[in-house]
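Start from the sequences, fold in the hints, and give me the full structure.
There are 2 protein chains.
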Amino acid sequence: MAELAARSGLTVATIKFYLREGLLQPGRRTSVNQAVYDASHLERLRLIRALAKVAGLPLDTIREVVQVVSGQSSILDAMAVTQDALVGERGDEDSEDVEPAAAETLAHVIEARGWRYQPGSPAHSAAIRAVAELQAEDLTMLVDRLDDYARAADAVGRIDVQAVAGADSLDATIRGVVLGSILRRPLLDALVLLSQQHHANVLDQEDEHA
Amino acid sequence: MAELAARSGLTVATIKFYLREGLLQPGRRTSVNQAVYDASHLERLRLIRALAKVAGLPLDTIREVVQVVSGQSSILDAMAVTQDALVGERGDEDSEDVEPAAAETLAHVIEARGWRYQPGSPAHSAAIRAVAELQAEDLTMLVDRLDDYARAADAVGRIDVQAVAGADSLDATIRGVVLGSILRRPLLDALVLLSQQHHANVLDQEDEHA
Numbered sequence: 001m002a003e004l005a006a007r008s009g010l011t012v013a014t015i016k017f018y019l020r021e022g023l024l025q026p027g028r029r030t031s032v033n034q035a036v037y038d039a040s041h042l043e044r045l046r047l048i049r050a051l052a053k054v055a056g057l058p059l060d061t062i063r064e065v066v067q068v069v070s071g072q073s074s075i076l077d078a079m080a081v082t083q084d085a086l087v088g089e090r091g092d093e094d095s096e097d098v099e100p101a102a103a104e105t106l107a108h109v110i111e112a113r114g115w116r117y118q119p120g121s122p123a124h125s126a127a128i129r130a131v132a133e134l135q136a137e138d139l140t141m142l143v144d145r146l147d148d149y150a151r152a153a154d155a156v157g158r159i160d161v162q163a164v165a166g167a168d169s170l171d172a173t174i175r176g177v178v179l180g181s182i183l184r185r186p187l188l189d190a191l192v193l194l195s196q197q198h199h200a201n202v203l204d205q206e207d208e209h210a
Numbered sequence: 001m002a003e004l005a006a007r008s009g010l011t012v013a014t015i016k017f018y019l020r021e022g023l024l025q026p027g028r029r030t031s032v033n034q035a036v037y038d039a040s041h042l043e044r045l046r047l048i049r050a051l052a053k054v055a056g057l058p059l060d061t062i063r064e065v066v067q068v069v070s071g072q073s074s075i076l077d078a079m080a081v082t083q084d085a086l087v088g089e090r091g092d093e094d095s096e097d098v099e100p101a102a103a104e105t106l107a108h109v110i111e112a113r114g115w116r117y118q119p120g121s122p123a124h125s126a127a128i129r130a131v132a133e134l135q136a137e138d139l140t141m142l143v144d145r146l147d148d149y150a151r152a153a154d155a156v157g158r159i160d161v162q163a164v165a166g167a168d169s170l171d172a173t174i175r176g177v178v179l180g181s182i183l184r185r186p187l188l189d190a191l192v193l194l195s196q197q198h199h200a201n202v203l204d205q206e207d208e209h210a
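Protein chains in written order, with UniProt numbering: chain A, 1 to 210; chain B, 1 to 210.
Hints in this document: simulated from the structure, not taken from any laboratory. Misleading hints may appear alongside valid ones.
Claimed, not checked - Some chain B residues judged to face chain A by a derived CB distance under 7 Å, without partners named:
1. Ala-52
2. Ala-152
3. Leu-194
Claimed, not checked - Not close to chain B: a few residues of chain A, all C-beta gaps over 10 Å, as computed:
4. Leu-10
5. Ala-13
6. Arg-29
7. Leu-42
8. Gln-67
9. Pro-100
10. Ala-190
For every residue, glycine included, the Cβ atom is placed at its ideal position computed from N, Cα and C.
Written out as structure tokens, the structure is:
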């Protein structure tokens with residue numbers, strides 16, 4: 001237990017708490033007050049730590065994610081439950097009914113890309129809401145380029161999935177999905193800003209030479 | 001003035017406030033208590049509204065952005081001041097000094113893309129911090145794919161710049177830059193999630209057939 005604490009960077013008290021809450025599987029008992037923990041326990045603790053500390057998810061949500069992992073699920077299931085936990089359920093009605101115009105616009109984009117997705121998932125609702133906000137602000141120059149954005153998003157999602165698919169265990173995969181979703185987002189945002197600087201530079205120079 | 005209010009969706013009191021604060025240029029006086037406003041005033045109000053309501057920027061920052069617009073600046077200047085206002089200055093030291101390893105990793109990626117960017121800009125600092133966090137969490141599978149992410153980010157930034165460059169006036173361009181930055185972000189996030197679903201689906205099916 002002491003070694004597990006040292007390796008995971010968590011306190012013994014925290015690890016005992018996760019054991020009591022059923023988030024960490026029990027070790028193999030060797031005597032009444034002695035148990036052996038292995039690499040799977042360390043991997044699970046790293047996952048719980050990521051969900052709690054980095055993602056800031058509540059205990060109930062962490063339990064849900066851990067249950068999926070314990071159930072020997074596929075990457076697909078893992079990604080679905082992680083996405084739902086991270087995007088969060090919105091209490092309101094399905095975006096598809098509230099924003100039919102945006103839903104239809106998005107449907108065309110999805111069809112063009114050939115995406116097989118989960119209709120009604122929080123991600124799908126979020127996409128419809130985002131399109132609806134662009135339409136409400138009359139940002140036609142962005143709405144007109146939805147296909148281009150979807151193509152770029154396709155590249156990002158493919159890299160994300162490929163990156164985590166190679167992990168050694170499902171725990172490591174989910175940790176990759178969770179941390180990837182949380183930490184990759186500011187990275188992509190910042191890289192896009194740098195790319196904007198570059199392309200604005202290019203445009204400026206073209207104007208000067210024109 | 002009443003017509004300006006009706007067209008912009010703002011109250012007369014709000015418009016008068018923007019006039020007093022020097023954010024909105026004065027109308028052409030036709031008598032002591034009568035002034036004529038034109039399309040440029042409406043465009044400016046739409047920009048101020050976007051900065052205040054949608055971006056939630058403080059008055060001082062809005063003034064900075066509006067000054068750039070009034071100065072007949074280029075898209076490049078407009079983008080720089082908008083990015084700085086949106087990303088926000090971090091009080092701490094330059095990320096480049098705090099995170100030399102992450103800064104070097106990022107430098108290689110930027111060089112590979114051939115990006116001309118503003119070193120020391122908030123966007124550059126944010127990118128260094130994002131790389132540093134991935135490295136701190138030992139997410140090598142993501143760090144190893146930085147080049148791929150940068151390629152995808154390049155596509156997004158190019159679309160962003162092309163979308164706003166075609167606007168009729170600099171006010172409209174900046175409004176596009178501001179609203180684009182704020183509203184396009186959740187759109188791209190949601191599209192990436194849908195793309196993740198698709199690619200996880202594809203991977204799952206490959207596993208079944210294997």
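Here's how the hints hold up against the structure:
1. Ala-52: 14 Å, violated
2. Ala-152: 4 Å, holds
3. Leu-194: Result: holds, 5 Å to nearest chain A Cβ.
4. Leu-10: The assertion about Leu-10 of chain A holds, with a minimum of 15 Å to chain B.
5. Ala-13: Consistent with the label, Ala-13 of chain A stays out of reach of chain B, its closest Cβ about 23 Å off (over 10 Å).
6. Arg-29: Non-interface label on Arg-29 of chain A holds, nearest chain B Cβ at 31 Å vs cutoff 10 Å.
7. Leu-42: Non-interface label stands for Leu-42 of chain A: nearest chain B Cβ at 13 Å, farther than 10 Å.
8. Gln-67: 19 Å, holds
9. Pro-100: 17 Å, holds
10. Ala-190: 4 Å, violated
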